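Asker: Residue strings, one per chain:
There are 2 protein chains.
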Amino acid sequence: MRALEISDRDLSKLAIEAAKLAANYWSSLDGRPAYPATSGTQTSRLFDRPWARAGRGPAILDEFAAIAEHVRPCTGRFFGYVAGSGEPVGAIGDLLASVLNQNCTSWRSAPAAATIERVVVGWLAEAVGCAGFAGSLCGGGSTANLMGLAMARESLLPANDDGARPGVVYASEQAHMSIAKAVSLLGLGRNNLRLLPVDEDFRLRTDALRDAIALDRRQGRTPLAIVASVGTVATGAIDPLPHLAEIARAEGIWLHVDGAFGVLAALAAPEKFEGLSLADSISLDAHKWLYQPIDCSCLLHRERTAARKAFSYSGDYVRILNQDPEESFAFFDESIELTRRFRALKLWMSLQYHGRDAFREAITRDLQHAQLLARAVQSHPALELLAPVPLSAVCFRHRARDNEAILRRVIARGRVYLSNATINGRFALRACFVNHRTTREDVDEIIVEVIAAADELNA
Amino acid sequence: MRALEISDRDLSKLAIEAAKLAANYWSSLDGRPAYPATSGTQTSRLFDRPWARAGRGPAILDEFAAIAEHVRPCTGRFFGYVAGSGEPVGAIGDLLASVLNQNCTSWRSAPAAATIERVVVGWLAEAVGCAGFAGSLCGGGSTANLMGLAMARESLLPANDDGARPGVVYASEQAHMSIAKAVSLLGLGRNNLRLLPVDEDFRLRTDALRDAIALDRRQGRTPLAIVASVGTVATGAIDPLPHLAEIARAEGIWLHVDGAFGVLAALAAPEKFEGLSLADSISLDAHKWLYQPIDCSCLLHRERTAARKAFSYSGDYVRILNQDPEESFAFFDESIELTRRFRALKLWMSLQYHGRDAFREAITRDLQHAQLLARAVQSHPALELLAPVPLSAVCFRHRARDNEAILRRVIARGRVYLSNATINGRFALRACFVNHRTTREDVDEIIVEVIAAADELNA
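Chain order of the listed sequences is V and Z. If you're matching positions, the first sequence starts at -11 in the working numbering and goes up one per residue. If you're matching positions, the second sequence starts at -11 in the working numbering and goes up one per residue.
One should not assume that every hint holds.
[What the hints assert, rightly or not] Once the Cα atoms are required to be at most 20 Å apart in a straight line, the calculated SDA-like pairs of lysine to any residue come out as:
| id | chain 1 | residue 1 | chain 2 | residue 2 |
| --- | --- | --- | --- | --- |
| 1 | V | K1 | Z | K8 |
| 2 | Z | K8 | V | R(-3) |
| 3 | Z | K260 | V | R(-3) |
| 4 | V | K8 | Z | P46 |
| 5 | V | K297 | V | P313 |
| 6 | Z | K8 | V | K297 |
| 7 | Z | K1 | V | W14 |
| 8 | V | K1 | Z | S15 |
| 9 | Z | K8 | V | Y13 |
| 10 | Z | K8 | V | P313 |
| 11 | V | K8 | Z | P146 |
| 12 | V | K1 | Z | S0 |
| 13 | V | K8 | Z | N12 |
| 14 | V | K1 | Z | K297 |
| 15 | Z | K1 | V | S0 |
| 16 | V | K1 | Z | L(-1) |
| 17 | V | K8 | Z | K8 |
| 18 | V | K1 | Z | W14 |
| 19 | Z | K8 | V | P46 |
| 20 | Z | K1 | V | L(-1) |
| 21 | V | K1 | Z | Y13 |
| 22 | V | K8 | Z | I4 |
| 23 | Z | K297 | Z | P146 |
| 24 | Z | K1 | V | N12 |
| 25 | Z | K1 | V | S15 |
[Stated by the list, open to error] Pair ranges (Cβ atoms, derived):
| id | chain 1 | residue 1 | chain 2 | residue 2 | range |
| --- | --- | --- | --- | --- | --- |
| 26 | Z | R198 | V | D(-4) | 34 to 44 Å |
| 27 | V | E188 | Z | E57 | 31 to 41 Å |
| 28 | Z | R396 | V | N179 | 45 to 55 Å |
Quick caveat, the hints were computed from the structure, so don't treat them as lab data. Model, not experiment: these values are computed from the prediction. Where is the CB? At the ideal position from N, CA and C, for every residue including glycine.
Bound-form chain V, shown alone (with noise of 0.2 Å):
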């Protein structure tokens, strides 16, 4: 008998009876309200509760059917933040994930496993117009954010022996939280983030970000790294990139794009994207518009050794006894996590699965979503579009309403659920699309919800 032991029988029936609470889960979405009525009080008194030290068995799945119930589902009507909407088959690459459970450190730890890596990130790479960079899959945008300013600091003012010096990254004022903290956590200082003023459309204003540089050094300071916001996650505003990339090269400087929410995009709709590949580093998140469940994000770059200047510093236990170039390639060389989850597989099941062409649709549709919210809003006398829409955010008011008050109603009425955001100043109703299972009738129910809810402050 072997610890932690489960018959051959009862692993199989558990798996299964799992699959079937994933089908019919997936199946009663449209069901399912867009947000669940639960309060912190429920949820605690639930599931608050110590490591019983007999074991429950199988009996542990029927607790499934509550967590579903108090979760937020990704229904095709959540439009919040920049949610994906989790591929199923993505769901299923991740199970096949854990079962081989393996450890992409390396090529030498997870054989066939950094090879598929590999390859999925040469085919995100590619379907964003930048074949030829190479890259690693990481947990989230701040995570690729993280990477790309750790490389772009240590090519320019190295401070892996040393420390940091101080070093200037501009951005946007729109740019995502993310890359403020990773400025801080590199030792940075975020004093020495500029946040610089954007035009009217949101993106970027190159006149501006000249004069910080020119400011920055006449004061003496080193210009260190331009972020591109491709696009904020307010708006979906897309910075100028090939305006940045003049402006990095002038100045030997480095270009991150943080693409984590619009950057696949430029699998549908490339014209958007000019200028991306001449990006030094850009991250994206896959699992926002190519619809893979969480966790599923990335980091390219255009030069290896960079890379590896930023990040090799291997321990004497993972030596690697290899000359073989595939053989012997370590992520961790090249990376900041040294255990990696087979994040890749749900990437190689899904992509295949539906094909590139399927994936262009999705995207396409989610670009159309938007701008039917948009003329809808435009065209209804009570609401006002905030802000340009460049990719698929959409932030719009009422105009004679407390929105957020609006907001507030329209989550509790649970048929759709839009975040929020500040536009000039201003409070925004927020509806984002990177979902693909959002129907034209899904995107027609905001405005009537939002009316609605307005109504009910009104009455």
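Starting from the known structure of chain V, fit chain Z onto it as the hints suggest.
Answerer: Same frame as chain V, but now just chain Z:
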């Protein structure tokens, strides 16, 4: 018709088919080699291909057999690195986590999931004798160590705003490479990491630590943190926690415990971990000694305020409109990541399926297996034990043959898998037991295989 549509029936078939593949794979493990006879050329040939435009549909599952053949199987005879064995209920939990696809940024984004994560983090803390510690799950020990040291830096030499100033970190020369990587990333500089000598049991020497701190202070540098290895990756040595805690308190500096390998063994052998609860932060890997599928790591910390000081930097678009203490909780204010997978679900399911006693028993067996191997090495005239065995890593050598050649041959024979370490300058064979599938017979096999490999060299 939705994008990426799959009918309920087809999806149910696919999920059940995948569950059967999983169950069959688990029951096939005993018959699989410890390491595949696979080359880099082979895996490239099999898996290097473009992303096709057309979808392949359910046929994608047919590839699982080929992938499974060329990955490293998690059998009971894999003893390399510190490689957890991948408990199947945890893998099923990973499926359901990807089905629910929660983004555990905060309670608002993932209501029940955030509660469950806080509960299981409490279980982990309590299991290792640190009830009352808070924390969060993350991808691996590297990230957990990075977070612990980021908290140390921000508590003692705040750098988030103005950038890093030199602060000195102390660890033993046996510390894991992720410590140096974290010190680098945080902008402290590896030259400010003191890798101090160890005693004959490979534990950090407290006299060397006191001397190093005193010298740094005399020379005007600022001591920042002590990193205790519990245990070291090579031999499992446990640094003397009560003494280190006393020094940290007297010096007013941070004590971080890198417990990725060993801390969870406190569940089975708490007497080995005296003083653990005196730490300021503790990393541990549930994908090692709780056998969970990768990834499932955790950082515990004593003071939530220190975590908030290090990591809280929130963008407006995630501003939480809620005052309830459970509902307003956000992991992103207390950790590095924003998007976070629902890692807690596998722990929730696996730990309750088997119960706490079963995990204690499994860890106890691993500890016994290591002692069994150590005794077998000591009683074999051709072999030499190279280090004490306080946890479950056993380092040894053949007295007369080229041990690197033996290792290659052991791996090629495919019956057991060992990795290597350098002990007092000598190449060591190393077996590590964090594997619920390992039997006594598997342990016996190690000596048989090493001797057989040595004999082959001789032939």
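Asker: Could you run down the list of hints and mark each one as holding or not?
Answerer: Results of checking the hints against the structure:
1. K1/V / K8/Z: The given pair, whose Cα atoms are some 9 Å apart, holds under the 20 Å limit.
2. K8/Z / R(-3)/V: 11 Å, holds
3. K260/Z / R(-3)/V: Distance ~38 Å between K260/Z and R(-3)/V Cα, so the pair is violated.
4. K8/V / P46/Z: Judged against 20 Å, a Cα distance of about 17 Å means the pair holds.
5. K297/V / P313/V: 18 Å, holds
6. K8/Z / K297/V: Violated, at roughly 44 Å.
7. K1/Z / W14/V: 13 Å, holds
8. K1/V / S15/Z: 13 Å, holds
9. K8/Z / Y13/V: 19 Å, holds
10. K8/Z / P313/V: 36 Å, violated
11. K8/V / P146/Z: Roughly 51 Å between the alpha carbons, so the hint for K8/V and P146/Z is violated.
12. K1/V / S0/Z: Measuring from Cα to Cα gives roughly 15 Å; hence the hint holds.
13. K8/V / N12/Z: 17 Å, holds
14. K1/V / K297/Z: With Cα atoms ~47 Å apart, K1/V and K297/Z exceed 20 Å; violated.
15. K1/Z / S0/V: 15 Å, holds
16. K1/V / L(-1)/Z: Satisfied, since the Cα-Cα distance of roughly 18 Å is no more than 20 Å.
17. K8/V / K8/Z: At roughly 12 Å apart (the allowed maximum being 20 Å), K8/Z and K8/V satisfy the hint.
18. K1/V / W14/Z: Measuring from Cα to Cα gives roughly 13 Å; hence the hint holds.
19. K8/Z / P46/V: Distance ~17 Å between K8/Z and P46/V Cα, so the pair holds.
20. K1/Z / L(-1)/V: Holds, because 18 Å separates the two Cα atoms, which is no more than 20 Å.
21. K1/V / Y13/Z: It holds: about 14 Å lies between the C-alpha atoms, which stays within 20 Å.
22. K8/V / I4/Z: Holds, at about 7 Å.
23. K297/Z / P146/Z: 9 Å, holds
24. K1/Z / N12/V: At roughly 12 Å apart (the allowed maximum being 20 Å), N12/V and K1/Z satisfy the hint.
25. K1/Z / S15/V: 13 Å, holds
26. R198/Z / D(-4)/V: 34 to 44 Å: The hinted range 34 to 44 Å is violated for R198/Z and D(-4)/V, with Cβ atoms some 56 Å apart.
27. E188/V / E57/Z: 31 to 41 Å: Between E188/V and E57/Z, where Cβ atoms are some 58 Å apart, the hint is violated.
28. R396/Z / N179/V: 45 to 55 Å: Roughly 53 Å apart at Cβ, these two residues keep to the hinted range, so it holds.
Hint compliance for this structure: hints 3, 6, 10, 11, 14, 26 and 27 are not met, and every other hint is.
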